[in-house]
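J.: Here are the chains, one letter per residue:
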Amino acid sequence: DTAVSQTPKYLVTQMGNDKSIKCEQNLGHDTMYWYKQDSKKFLKIMFSYNNKELIINETVPNRFSPKSPDKAHLNLHINSLELGDSAVYFCASSQFQNYEQYFGPGTRLTVT
Amino acid sequence: ILNVEQSPQSLHVQEGDSTNFTCSFPSSNFYALHWYRWETAKSPEALFVMTLNGDEKKKGRISATLNTKEGYSYLYIKGSQPEDSATYLCAFMVETNAGKSTFGDGTTLTVKP
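Chains A and B, in that order, give the protein sequences.
Take 1 as the starting number for the first sequence in our numbering and just add one per residue.
Take 1 as the starting number for the second sequence in our numbering and just add one per residue.
To be clear, the hints were calculated from the coordinates, so they are not data collected in a lab.
You may find that some hints are simply not true.
[Claimed, not checked] Below, in silico cross-link-like pairs of lysine-lysine (DSSO-like), each with a Cα-Cα straight-line distance of 30 Å or less:
| no. | chain 1 | residue 1 | chain 2 | residue 2 |
| --- | --- | --- | --- | --- |
| 1 | A | Lys44 | A | Lys22 |
| 2 | A | Lys19 | B | Lys42 |
| 3 | A | Lys41 | B | Lys78 |
| 4 | B | Lys57 | A | Lys41 |
| 5 | A | Lys44 | A | Lys71 |
| 6 | A | Lys67 | B | Lys42 |
| 7 | A | Lys41 | B | Lys58 |
| 8 | A | Lys40 | B | Lys78 |
| 9 | A | Lys36 | B | Lys100 |
| 10 | B | Lys100 | A | Lys67 |
| 11 | A | Lys44 | B | Lys57 |
| 12 | A | Lys44 | A | Lys9 |
| 13 | B | Lys100 | A | Lys19 |
| 14 | B | Lys42 | A | Lys9 |
| 15 | A | Lys41 | B | Lys112 |
| 16 | A | Lys36 | B | Lys59 |
| 17 | B | Lys42 | A | Lys22 |
| 18 | B | Lys42 | A | Lys36 |
| 19 | B | Lys100 | A | Lys71 |
| 20 | B | Lys112 | A | Lys40 |
| 21 | A | Lys71 | B | Lys42 |
| 22 | B | Lys58 | B | Lys100 |
| 23 | B | Lys59 | A | Lys41 |
| 24 | A | Lys44 | B | Lys42 |
| 25 | A | Lys44 | B | Lys69 |
| 26 | B | Lys59 | A | Lys44 |
| 27 | A | Lys40 | B | Lys42 |
| 28 | B | Lys100 | A | Lys44 |
| 29 | B | Lys57 | A | Lys36 |
| 30 | B | Lys100 | A | Lys9 |
| 31 | B | Lys100 | A | Lys40 |
| 32 | B | Lys100 | A | Lys41 |
| 33 | B | Lys42 | A | Lys41 |
| 34 | B | Lys100 | A | Lys22 |
| 35 | A | Lys9 | A | Lys40 |
| 36 | B | Lys58 | A | Lys44 |
[As the list claims (entries may be wrong)] Okay, the calculated bits of chain A under chain B, using three or more residues with CB under 8 Å as the criterion:
| no. | segment |
| --- | --- |
| 37 | 38 to 50 |
| 38 | 99 to 112 |
Ideal Cβ placement from N, Cα and C applies to all residues, glycine included.
Go ahead and model the full structure; you've got the sequences and the hints to work with.
T.: Structure, rendered in structure tokens:
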């Protein structure tokens, strides 16, 4: 069983489109995260949700919005996609806020 | 902005060599430090969670130490193997912003057979 899953794995889309990336965890964890792996391959946190409450909102453009329908899901919606949004996006979850995080396989987004 | 620095940025060693690298972080408001192993084309995997000054953790040939007063953690690999080749990330958490991990940029280790 995959602990943290993301769909799709690859996403190619045009500038200006709106897209979503889904994340699900079956670990019963309380906290979920979204990270962006930037062009230098560095990992930067975007959002974190704890029991359906946003507890971190980094300075990302408001075109990005996390949506958590329940504790096991944290989806990432992106409006008006731009070329600079091309990156790999990782979802992660942890049992509590200070525990180690379990990462999903990543979604490679390419904006053309 | 929290400054988490890892050094060296990259490291090439021969199979069988032992190696170590450093994660430096602010020494105030320490909450936890995590080490992750990130293989190419895979996802980061947790190695250690360290919370107390003086902590030493070990998993097989890999071990880590923590000094919260001076703000650093060392990761050691004994007898490196080619399968140890990966990027090793540390992530720092402060008490006043629980839940937020600030990741270092990683040390990329290449072990040559």
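J.: Look at each hint and say if it fits the structure.
T.: Hint check results:
{"no.": "1", "hint": "A:Lys44 x A:Lys22", "in the structure": "holds (18 Å)"}
{"no.": "2", "hint": "A:Lys19 x B:Lys42", "in the structure": "holds (23 Å)"}
{"no.": "3", "hint": "A:Lys41 x B:Lys78", "in the structure": "holds (27 Å)"}
{"no.": "4", "hint": "B:Lys57 x A:Lys41", "in the structure": "holds (27 Å)"}
{"no.": "5", "hint": "A:Lys44 x A:Lys71", "in the structure": "holds (22 Å)"}
{"no.": "6", "hint": "A:Lys67 x B:Lys42", "in the structure": "holds (25 Å)"}
{"no.": "7", "hint": "A:Lys41 x B:Lys58", "in the structure": "holds (27 Å)"}
{"no.": "8", "hint": "A:Lys40 x B:Lys78", "in the structure": "holds (29 Å)"}
{"no.": "9", "hint": "A:Lys36 x B:Lys100", "in the structure": "holds (14 Å)"}
{"no.": "10", "hint": "B:Lys100 x A:Lys67", "in the structure": "holds (18 Å)"}
{"no.": "11", "hint": "A:Lys44 x B:Lys57", "in the structure": "holds (26 Å)"}
{"no.": "12", "hint": "A:Lys44 x A:Lys9", "in the structure": "holds (19 Å)"}
{"no.": "13", "hint": "B:Lys100 x A:Lys19", "in the structure": "holds (26 Å)"}
{"no.": "14", "hint": "B:Lys42 x A:Lys9", "in the structure": "holds (12 Å)"}
{"no.": "15", "hint": "A:Lys41 x B:Lys112", "in the structure": "holds (22 Å)"}
{"no.": "16", "hint": "A:Lys36 x B:Lys59", "in the structure": "holds (28 Å)"}
{"no.": "17", "hint": "B:Lys42 x A:Lys22", "in the structure": "holds (18 Å)"}
{"no.": "18", "hint": "B:Lys42 x A:Lys36", "in the structure": "holds (14 Å)"}
{"no.": "19", "hint": "B:Lys100 x A:Lys71", "in the structure": "holds (18 Å)"}
{"no.": "20", "hint": "B:Lys112 x A:Lys40", "in the structure": "holds (24 Å)"}
{"no.": "21", "hint": "A:Lys71 x B:Lys42", "in the structure": "holds (25 Å)"}
{"no.": "22", "hint": "B:Lys58 x B:Lys100", "in the structure": "holds (25 Å)"}
{"no.": "23", "hint": "B:Lys59 x A:Lys41", "in the structure": "holds (26 Å)"}
{"no.": "24", "hint": "A:Lys44 x B:Lys42", "in the structure": "holds (17 Å)"}
{"no.": "25", "hint": "A:Lys44 x B:Lys69", "in the structure": "holds (26 Å)"}
{"no.": "26", "hint": "B:Lys59 x A:Lys44", "in the structure": "holds (27 Å)"}
{"no.": "27", "hint": "A:Lys40 x B:Lys42", "in the structure": "holds (16 Å)"}
{"no.": "28", "hint": "B:Lys100 x A:Lys44", "in the structure": "holds (11 Å)"}
{"no.": "29", "hint": "B:Lys57 x A:Lys36", "in the structure": "holds (29 Å)"}
{"no.": "30", "hint": "B:Lys100 x A:Lys9", "in the structure": "holds (25 Å)"}
{"no.": "31", "hint": "B:Lys100 x A:Lys40", "in the structure": "holds (21 Å)"}
{"no.": "32", "hint": "B:Lys100 x A:Lys41", "in the structure": "holds (19 Å)"}
{"no.": "33", "hint": "B:Lys42 x A:Lys41", "in the structure": "holds (13 Å)"}
{"no.": "34", "hint": "B:Lys100 x A:Lys22", "in the structure": "holds (21 Å)"}
{"no.": "35", "hint": "A:Lys9 x A:Lys40", "in the structure": "holds (20 Å)"}
{"no.": "36", "hint": "B:Lys58 x A:Lys44", "in the structure": "holds (27 Å)"}
{"no.": "37", "hint": "38 to 50", "in the structure": "holds (count 8)"}
{"no.": "38", "hint": "99 to 112", "in the structure": "holds (count 8)"}
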